[in-house]
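*Asks:* Listed in order, the protein sequences are those of chains A and B.
Here the first sequence is numbered in UniProt numbering, starting from 1 and rising by one per residue.
Here the second sequence is numbered in UniProt numbering, starting from 1 and rising by one per residue.
Hints in this document: simulated from the structure, not taken from any laboratory.
These numbers were taken from a predicted model, which means no experiment stands behind them.
There may be inaccurate statements among the hints.
To be verified - List of simulated lysine-lysine pairs, DSS-like, C-alpha gap at most 25 Å:
(1) A:Lys58 <-> B:Lys34
(2) A:Lys46 <-> B:Lys20
(3) A:Lys17 <-> B:Lys20
(4) B:Lys12 <-> A:Lys29
(5) B:Lys20 <-> A:Lys58
(6) B:Lys34 <-> B:Lys20
(7) A:Lys46 <-> B:Lys34
(8) A:Lys46 <-> B:Lys57
(9) B:Lys75 <-> A:Lys29
(10) A:Lys27 <-> B:Lys12
(11) B:Lys57 <-> A:Lys54
(12) A:Lys50 <-> B:Lys57
(13) B:Lys75 <-> A:Lys50
(14) A:Lys29 <-> B:Lys34
(15) A:Lys46 <-> B:Lys75
(16) A:Lys54 <-> B:Lys41
(17) B:Lys75 <-> A:Lys54
(18) A:Lys27 <-> B:Lys41
(19) B:Lys12 <-> A:Lys46
(20) A:Lys54 <-> B:Lys34
(21) B:Lys42 <-> A:Lys58
(22) B:Lys34 <-> A:Lys27
(23) B:Lys42 <-> A:Lys27
(24) B:Lys41 <-> A:Lys50
(25) A:Lys50 <-> B:Lys42
(26) A:Lys54 <-> B:Lys20
Below, each chain spelled out in residue letters.
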Amino acid sequence: MADYGDSLSSLEGKGDKELQEFLMVEKQKAQFNAQIHEFNDFCWEKCVEKPSNKLDSKTETCLTNCVDRFIDVSLLITNRFAQLLQKSGGM
Amino acid sequence: MEGLSSLSGAQKDELMDQVKQQIAVANAQELLTKITEKCFKKCISKPGTSLDSSEQKCIAMCMDRYMDSWNLISKAYSNRIQRERSRM
Chain A
1 MADYGDSLSS LEGKGDKELQ EFLMVEKQKA QFNAQIHEFN DFCWEKCVEK PSNKLDSKTE
61 TCLTNCVDRF IDVSLLITNR FAQLLQKSGG M
Chain B
1 MEGLSSLSGA QKDELMDQVK QQIAVANAQE LLTKITEKCF KKCISKPGTS LDSSEQKCIA
61 MCMDRYMDSW NLISKAYSNR IQRERSRM
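Isolated chain B, as found in the complex (with noise of 0.2 Å):
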């Protein structure tokens, strides 16, 4: 990490760039675990020889779902945090 004081404009763009990247790589694979995890107890009560059609159906309703409840709740939380904001 010596040096990051002597990157030229572009290397430091590139190093933004990079970082911005890998959280939101960090960020969909988060998603995605919850969403699996999520789903799966939702979705199948009795794991079969293969996902029936069924399954299939509602592990795709349920990630649309949770999706919608992301954006819920990062909405719910925003606004709670201006309210704080606010109240000092």
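Only chain A is shown next, with the shape it has when bound in the complex (with noise of 0.2 Å):
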């Protein structure tokens, strides 16, 4: 997917506006769904036992709080990591 997301942007700026922006929409559906697959991925491994009839509730919840829980501790870290380049007076 990442391949994707490099030869469109090497498309952008050569056409025109029409294309421009199909190409700017079809490249976040692409990185949100490259998103998606790595959360799958891992969400997967730490929430689903042995695959059943189906996704049992408890197996659901976990897989929507380790999305949630994921980008908090993503958040909580770029807001850590800003504040100690701040402190170290800038980079």
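Using the hints, put the two standalone chains together into the complex.
*Replies:* What follows is the structure in structure tokens.
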């Protein structure tokens, strides 16, 4: 998927407005999809035991929480990192 | 990539369709690769001389559950994006 983002951005700026907008939207959709693949990859490892006839409610809750907590962690680390940079005089 | 700005309307439509299709194919391939990897791990504990019926059943269920999980996570992620947007 990362390859797609790259080849799409090399097209940008060369076409007309309509194409540019189209590519921007498609790129965002592709990034969204790539992110879901990544979330599903590790949340599956964390939450799903033996596959059965359906996802039980405990597993469903775990998967939903997994996404939200991952984003929380990502935001927390980003903020803390920014603070550390500021304290050390910025870069 | 020269001359993209001089494409006719029909050529542009064709180009956009191709881009969409290629993205869809790449997405499906990614999903297939992931499902194969994850479900092999879950269902085949000791690879034998053939896939026995319980392994095949497990693989089928695992594939359905992986896609359930994909849809659930997609919903959770877009909900979160919406919540973050409304907070800004």
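*Asks:* Please go over all the hints and tell whether each is borne out by the structure.
*Replies:* Verification of the supplied hints:
Proposed proximity of A:Lys58 and B:Lys34 is supported: the alpha carbons are some 23 Å apart, at most 25 Å. Proximity of A:Lys46 to B:Lys20 is assessed by CA-CA distance (about 32 Å); at most 25 Å being required, the pair is judged violated. Taking the CA atoms of A:Lys17 and B:Lys20, the gap is about 18 Å. The hint holds against a cut of 25 Å. Distance hint between B:Lys12 and A:Lys29 is fulfilled; the C-alpha atoms sit about 19 Å from each other, no more than 25 Å.
Simply put, B:Lys20 and A:Lys58 have alpha-carbon atoms about 36 Å apart, too far for the 25 Å limit, and the pair is violated. At most 25 Å may separate the alpha-carbon atoms for a hinted pair to count; B:Lys34 and B:Lys20 meet this at roughly 21 Å. This hinted pair checks out: A:Lys46 and B:Lys34 have alpha carbons roughly 15 Å apart, not beyond 25 Å. Our distance criterion of 25 Å between C-alpha atoms is met by A:Lys46 and B:Lys57, whose separation comes to about 22 Å.
A distance of roughly 14 Å separates the Cα atoms of B:Lys75 and A:Lys29; the hinted pair therefore holds under the 25 Å criterion. Our distance criterion of 25 Å between C-alpha atoms is met by A:Lys27 and B:Lys12, whose separation comes to about 17 Å. Pair hint B:Lys57 plus A:Lys54 holds up; C-alpha atoms about 13 Å apart against a cutoff of 25 Å. Between A:Lys50 and B:Lys57 the CA atoms are separated by roughly 12 Å; this keeps the pair inside 25 Å, and the hint holds.
Restraint check: the Cα-Cα separation between B:Lys75 and A:Lys50 comes to about 23 Å, which is no more than 25 Å; the hinted pair holds. In summary, the hint linking A:Lys29 to B:Lys34 is supported, as the alpha carbons are separated by about 19 Å, within the 25 Å threshold. Taking the CA atoms of A:Lys46 and B:Lys75, the gap is near 18 Å; set against the 25 Å cutoff, the hint holds. Straight-line distance between C-alpha atoms of A:Lys54 and B:Lys41 comes to about 19 Å, which keeps the hinted pair within the 25 Å bound.
Straight-line distance between C-alpha atoms of B:Lys75 and A:Lys54 comes to about 17 Å, which keeps the hinted pair within the 25 Å bound. Our distance criterion of 25 Å between C-alpha atoms is broken by A:Lys27 and B:Lys41, whose separation comes to about 32 Å. In summary, the hint linking B:Lys12 to A:Lys46 is not supported, as the alpha carbons are separated by about 44 Å, beyond the 25 Å threshold. About 19 Å separates the Cα atoms of A:Lys54 and B:Lys34, which keeps this hinted pair within 25 Å; it holds.
Restraint check: the Cα-Cα separation between B:Lys42 and A:Lys58 comes to about 19 Å, which is no more than 25 Å; the hinted pair holds. Between B:Lys34 and A:Lys27, the direct Cα distance comes to roughly 21 Å. Compliance with the 25 Å bound is thereby established for this hinted pair. At roughly 33 Å between alpha-carbon atoms, B:Lys42 and A:Lys27 are farther apart than 25 Å, so this suggested pair is violated. With a CA separation close to 11 Å, the supplied pair B:Lys41 and A:Lys50 stays within the 25 Å bound.
Annotation: proposed proximity of A:Lys50 to B:Lys42 holds, straight-line Cα distance about 7 Å (limit 25 Å). Of the supplied pair hints, the one linking A:Lys54 and B:Lys20 is violated, its CA atoms being roughly 32 Å apart against a limit of 25 Å.
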